[in-house]
Amino acid sequence: MKILITLSTLLLSTVHLFGETYYYAFGQKVILKPLLQTRAAADQNIHYYQTKTGIKLGVKNEVIIGCKDMKQCKPVLENYPVASIEKLSDTLYLLTLKKGSDPFKVANNLYHEEPIFLSHPNFIKKRIAR
Amino acid sequence: MKQLLTFLLLTLLFTGCGAGSNRNSHKNIDYRTNFNPYNEPFFQYQWYLTYTENEFSFSAAIDPDASVHILDAWKYTRGKGVKVAVIDNNFEVKHKDLRDNVINSYNADMQNYDVSNDSDESSHGTATAGFIAAVPNGYGILGTAPDAELILIEQFADDDAATIRAFEYAKNKGAKIISNSWGTGHVSEAIAAELASIKNQNITIFFASGNYGPTLTSSNQNLDAPGITDESELPSVIGVGATNELNKLASYSNYGRNIDILAPGGEFLGLLGLDDTGSAGVQFNSYTFSNGYTLVLDDAHAFETGTSFACPVAAGVAALMLAVNPSLTPEQIRTLLIQSTDKIENDSVYYDKNGFNLKRAYGKINAAKAVALAKEALQP
Chain A
1 MKILITLSTL
11 LLSTVHLFGE
21 TYYYAFGQKV
31 ILKPLLQTRA
41 AADQNIHYYQ
51 TKTGIKLGVK
61 NEVIIGCKDM
71 KQCKPVLENY
81 PVASIEKLSD
91 TLYLLTLKKG
101 SDPFKVANNL
111 YHEEPIFLSH
121 PNFIKKRIAR
Chain B
1 MKQLLTFLLL
11 TLLFTGCGAG
21 SNRNSHKNID
31 YRTNFNPYNE
41 PFFQYQWYLT
51 YTENEFSFSA
61 AIDPDASVHI
71 LDAWKYTRGK
81 GVKVAVIDNN
91 FEVKHKDLRD
101 NVINSYNADM
111 QNYDVSNDSD
121 ESSHGTATAG
131 FIAAVPNGYG
141 ILGTAPDAEL
151 ILIEQFADDD
161 AATIRAFEYA
171 KNKGAKIISN
181 SWGTGHVSEA
191 IAAELASIKN
201 QNITIFFASG
211 NYGPTLTSSN
221 QNLDAPGITD
231 ESELPSVIGV
241 GATNELNKLA
251 SYSNYGRNID
261 ILAPGGEFLG
271 LLGLDDTGSA
281 GVQFNSYTFS
291 NGYTLVLDDA
301 HAFETGTSFA
311 CPVAAGVAAL
321 MLAVNPSLTP
331 EQIRTLLIQS
341 TDKIENDSVY
351 YDKNGFNLKR
361 AYGKINAAKA
371 VALAKEALQP
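Going line by line, the protein sequences match chains A and B. Residues in the first sequence are numbered from 1 upward in steps of one, following the working numbering. Residues in the second sequence are numbered from 1 upward in steps of one, following the working numbering.
No lab work stands behind these hints, which were simulated from the structure alone. Every value quoted in this text rests on a predicted model; they were computed, and no experiment measured them. Beta carbons are placed, not taken as given, at the ideal position from N, Cα and C, and that holds for glycine. Hints should not be assumed to be uniformly reliable.
Unchecked claim - Simulated crosslink set (DSSO-like; lysine-lysine; CA at most 30 Å straight-line):
hint	chain 1	residue 1	chain 2	residue 2
1	A	K60	B	K171
2	A	K126	B	K80
3	A	K125	A	K98
4	A	K126	B	K353
Claimed, not checked - The calculated label-pair distances, taken between Cβ atoms and stated as ranges, are:
hint	chain 1	residue 1	chain 2	residue 2	range
5	B	D224	A	G100	38 to 48 Å
6	B	D347	A	D90	41 to 51 Å
7	A	T53	B	K80	40 to 50 Å
8	A	I31	B	N220	19 to 29 Å
9	A	F26	B	G292	51 to 61 Å
10	A	K126	B	A61	32 to 42 Å
Based on the sequences and whatever the hints tell you, model everything.
The structure is reproduced here in structure tokens:
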């Protein structure tokens, strides 16, 4: 049993490290490279990735969606592991996902749903004063 | 008798003259009604607003055309009634050169009004806000639009949701201009949608193009990559690069096809503004030039360099334009700013038939011409 658990953990780590991580933006698939998890980031449940241009992006269990009419989006969202919804603007909403959910999987599936016009993780990135 | 005479002489000396007299002894003057920029003791060093012939300008080799020519714009307006929001990391809200123009302050991370007043923290926002609307009060300097109203929005958090909350707060508080002296090098689709929506609601957004590439260290300062990689390149935004005191392109200024205008950001000498270490930061900022001339300021003012500071100068000019013509749309503001630019270094570099040069965009803004055009554009 112990060996089975260890093997499963290793397998999951391998998928996390080498599986293709992506999201959709402006109609394009954007591929990200996972970065090694630091203890501080793990404590905050944040995973870090790198874009093709070298920008570091953090992801936690939150997704931003664009929805023009929430009446139409709500039934769709009921099929996803959404713990809470915060209205950010007239058309943008922040979804907090249930514990253990994969924000990329949720965001990518929502991207293809009819009433939703954008969907991606709530990216954390360094804001640089200029 | 001798003692009495000495006392009288000393009293006269301390009350009637000395560098600080202008700042402390005119407490009853209404500096807005009796406006004279030179009532501000450091205005003579604000070369980016107007050129002042003095020992400082000579020592720093300032080009007389390096400014945005503000005095002719101020004949029409100083920005009264226009609300300008600044999104930045921290503000010294009670800075003496800011506080009278601050109408709102907000913490977008905590979603409350607890904006830090700590003067010993890094207050990048204090400096950027000062370039827009430092107050006429006889204390220090003037903003580009010294009668405009400021909405100061503090944001440390780096996630997209916090950024959207900050822009929404600015919109809901009635901002007509939002100045942003920051960037991330990665534009999320949600941020692009938010900024487009803000622009559609008639709010003009300015972003600094950045210094030394997207991460402050890159050798590649050309922002032209496939797609939009920087906030300053978005079509919903006016992207601002920097010129220096020699009236040339500042060597650190990022550029690209989607950057619109340049404004003074300084280089070998920065723009005199509010000290971004706060009033209790660096004590008695002083500068010595190569000819030996030394300029001693105070604890609350300092020279600052970067596109961070070019951006609020441009935002302040837009506030002046809106004050004379409140019906201007963000697209009209962009067009008029571009139409009224001065083409810097045009004896040695090529501007295309549309007046564009890749590194110098459409040229350096000219406040006097921009405000005159804004006035002309008023519907009869």
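Outcome of the hint check:
The suggested pairing of A/K60 with B/K171 holds, with an alpha-carbon distance near 27 Å, which does not exceed 30 Å. Taking the CA atoms of A/K126 and B/K80, the gap is near 35 Å; set against the 30 Å cutoff, the hint is violated. Only pairs whose Cα atoms come within 30 Å are accepted, and A/K125 paired with A/K98 is accepted, the gap being roughly 23 Å. Only pairs whose Cα atoms come within 30 Å are accepted, and A/K126 paired with B/K353 is rejected, the gap being roughly 38 Å.
For the pair B/D224 and A/G100, the beta carbons lie near 41 Å from each other, so the given range of 38 to 48 Å is met. For B/D347 and A/D90, the hinted distance range of 41 to 51 Å is satisfied, since their beta carbons lie about 49 Å from each other. Hint check: A/T53 to B/K80, Cβ distance near 43 Å, so the stated range 40 to 50 Å holds. About 21 Å separates the C-beta atoms of A/I31 and B/N220, a value consistent with the hinted range of 19 to 29 Å.
At about 56 Å, the beta-carbon gap between A/F26 and B/G292 stays in the expected band of 51 to 61 Å. Here the CB-CB span from A/K126 to B/A61 is close to 36 Å, well matched to the stated 32 to 42 Å.
The structure fails to meet hints 2 and 4 from the earlier list, while all remaining hints are met.
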